[in-house]
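Colleague: Taken in order, these protein sequences are the chains called A and S. Those letters in the first sequence? Residues 1 to 167, by the numbering used here. Those letters in the second sequence? Residues 168 to 400, by the numbering used here.
No wet-lab data here; the hints were simulated from the structure. Treat the numbers as computed from the prediction; the structure is a model and nothing was measured. All C-beta atoms in this analysis are idealised placements derived from N, C-alpha and C, irrespective of residue type, glycine included. Don't take each hint at face value.
[Stated by the list, open to error] Some chain A residues judged to face chain S by a derived CB distance under 7 Å, without partners named:
no., residue
1, L5
2, T8
3, Q11
4, C20
5, Y65
6, G104
7, L129
[What the hints assert, rightly or not] Residues of chain A clear of chain S, computed beta-carbon distances all greater than 12 Å:
no., residue
8, R34
9, A61
10, D76
11, E118
12, P119
13, L122
14, G136
15, N143
16, D146
17, N151
One-letter residues, chain by chain:
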Amino acid sequence: MIMELIPTPSQTIGPFFHICLTPQTDLGDLTGERIRLVCRILDGDGTPVNDAMIEVWQAGAAGEYGRFGRLCTNEDGVCVFETAKPGRVAAQAPHVNVQIFARGLLKQLFTRIYFEGEPSNLNDPILALVPEDRRGTLMARPNAEDSSVWNFEIRLCADSETVFFDV
Amino acid sequence: MSQNTYRRHAPGDQPPYLYKQYASTVRRAPSKPLIFLPHTLSETSGPIFRPSAIGETDHDLTRQHAGEPQGERIIVTGRVLDDNGRAVPNALIEIWQTNAAGRYRHAKDNHQAPLDPNFTGAGRAVTDENGIYRFVTIKPGAYPWKNHHNAWRPAHIHFSLFGPAFCTRLITQMYFPGDPLIPFDPVLQSIPDEKGRQRLVAKFDLDTTQPDWALGYQFNIVLRGREATPFEK
Ligand SMILES: [Fe+2]
Chain A
1 MIMELIPTPS QTIGPFFHIC LTPQTDLGDL TGERIRLVCR ILDGDGTPVN DAMIEVWQAG
61 AAGEYGRFGR LCTNEDGVCV FETAKPGRVA AQAPHVNVQI FARGLLKQLF TRIYFEGEPS
121 NLNDPILALV PEDRRGTLMA RPNAEDSSVW NFEIRLCADS ETVFFDV
Chain S
168 MSQNTYRRHA PGDQPPYLYK QYASTVRRAP SKPLIFLPHT LSETSGPIFR PSAIGETDHD
228 LTRQHAGEPQ GERIIVTGRV LDDNGRAVPN ALIEIWQTNA AGRYRHAKDN HQAPLDPNFT
288 GAGRAVTDEN GIYRFVTIKP GAYPWKNHHN AWRPAHIHFS LFGPAFCTRL ITQMYFPGDP
348 LIPFDPVLQS IPDEKGRQRL VAKFDLDTTQ PDWALGYQFN IVLRGREATP FEK
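So here's chain S without its partners, still in its complex pose (with noise of 0.2 Å):
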């Protein structure tokens, strides 16, 4: 089954199960260690969706109620690519966040912060056949949490991604350049490499921004790819 498996991620590259520092990993990471599967179809295959299932404002934080958000307006927009260096065509983008002041339209989100009525805070939107994705919101807020005292978390978009297969899924958090909360952060300093917590951490962008309306965000994302068969080689 070796030339239609994904390749594995190297050490360094993903965070632990167990952080310590990230106090919630304590009860539910794994205690055992996990058990190596060699890829079958269960884990190549997976869902597909349709660029028709998306609503026209889906990708528009900034255009899904009567009035505007308050916040600032920006732009996110990347490439999802495979670790061959491949465009990842087709793959659903889920994203989430708070809006300017910090604050999720959760019920369980009980931060002292104003709600917006003019905001909800998710997105989606399916790459096209280059990769790409756009969307339009504002920037997040900063928002405290209960793992230490004086905890903040930095401000964040969630971002999920199902890539063209079951193994291929990912979730995680896209993070700002500059933001002093960065180095405090022990969801993002989880990542052992150095060079993987910068691959989290969006890139401002002059050709991206629009003069007079909003600041331009480049975030690319690569996602596990099959491995090089000798004949590709």
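Looking at chain A on its own, in the form it has when it is part of the complex (with noise of 0.2 Å):
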């Protein structure tokens, strides 16, 4: 018989948990595309988020799990990851896991990062899920000078917020 527990309540990760949660740029196995991932967060005034945590998960070029990261945003609300374009996973276009840690959040967020332009995002299961007017909110785009960078905007409690999943 299966014994049924109920899970541990979540609480916010507060302002101080750099102090143990140690950072990590760089998602490992960089083998294919290799990209700079610029994540900017900004709360529901437009602020900049300065004390998230963000965590990655992404599977490598070949669509096999898996690359994490993790960073801590700076006073302009920016952290930046170093690795390659993930690839296709199984029906799924290329993206990126994300989870949002910070004060003033109870429990985390859940999003994906797209990329723009990418012609498979047409037939993703999940960006099927979205509506189609807010699916932009989870695409990263290419900087204009360098298309090796690719800027992705998290922008909590507003009219243009980012979609967050219910996981």
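Each chain sits in its own coordinate frame; assemble them with the hints.
Modeller: Below is the structure:
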């Protein structure tokens, strides 16, 4: 017989996690198309969130899991991962799985980073669940001067807020 | 994909995103409903940590400096289980806390309380094959914060856990039994169910307590488990 227990509740990471949760900038095996993923978080007032931790988990170029990274945001609300563009995972378009922890978040937020212009986005089963007018919030966009740099903006608590998932 | 997915949280088990008494949630909580994400390999896989990555004194916060830290020495131990009651081995647990005076060794902590040169306040452990972990540390202090007039956080230890999957990730806080600040703390009180709040309060345990040396506390942690398959039932 299976005993069902109730999961332990989440609590905020608070503002002082840096003393313990060490950063991991580089996602390990960088085989494939090298990219820099620039993530920036803004709160409901458009103020940079300078005390968040972002964790990313993605597949390699061949779609095999997994590479893990985590960073805290700087005073501009920014952190930069050194990684390689993920491949497709079964029917899913290339994407990076994201969890966000911060003071003021009693539990983590889950989102995904897709790559703008990727043809397989049109057939991605998860993007298909997102209302069309909000899909753009899940797209990283290439930097105009350097296409190996992808920018992803996370908006909390706003009309234009990023899509967050119930995982 | 049903047989490999993780069980969803029941209403009331977890705090909401928006809890106005905790002021920082107001400009950070999502304002739109979350979109239900069926679990795929992206959520059911996750990073694997090896016990070899853990240093000899990582679990003992009283032995990370030349001298011993000030404060009441404690042992904090427990089991990490999934919600099917099965042990979770090889779970990475990271903890952080204030020193005995209620001060973090952090550049942005400006509480007027002394730092302790013999205390960093960070620890690391990996659960064994039975899901058991053990830390030795000192009891953290309460500290003031700016949430409301005369706001004080009860003594707590921050816990970060990686279970087997990206979706089993958990960050929480452990509190101490009998702390008079608990009823006034909006962070803990944000959890709707009283039983849920109780799950974050460690239990004093005389069997864990070591004579002439340290008080013992038990703190068990339950991560999400896989949904039962018809075969298992
Ligand atoms: Fe804290």
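Colleague: Please flag the earlier hints that this structure goes against, numbers listed from lowest up.
Modeller: Hint check: nothing fails, all pass.
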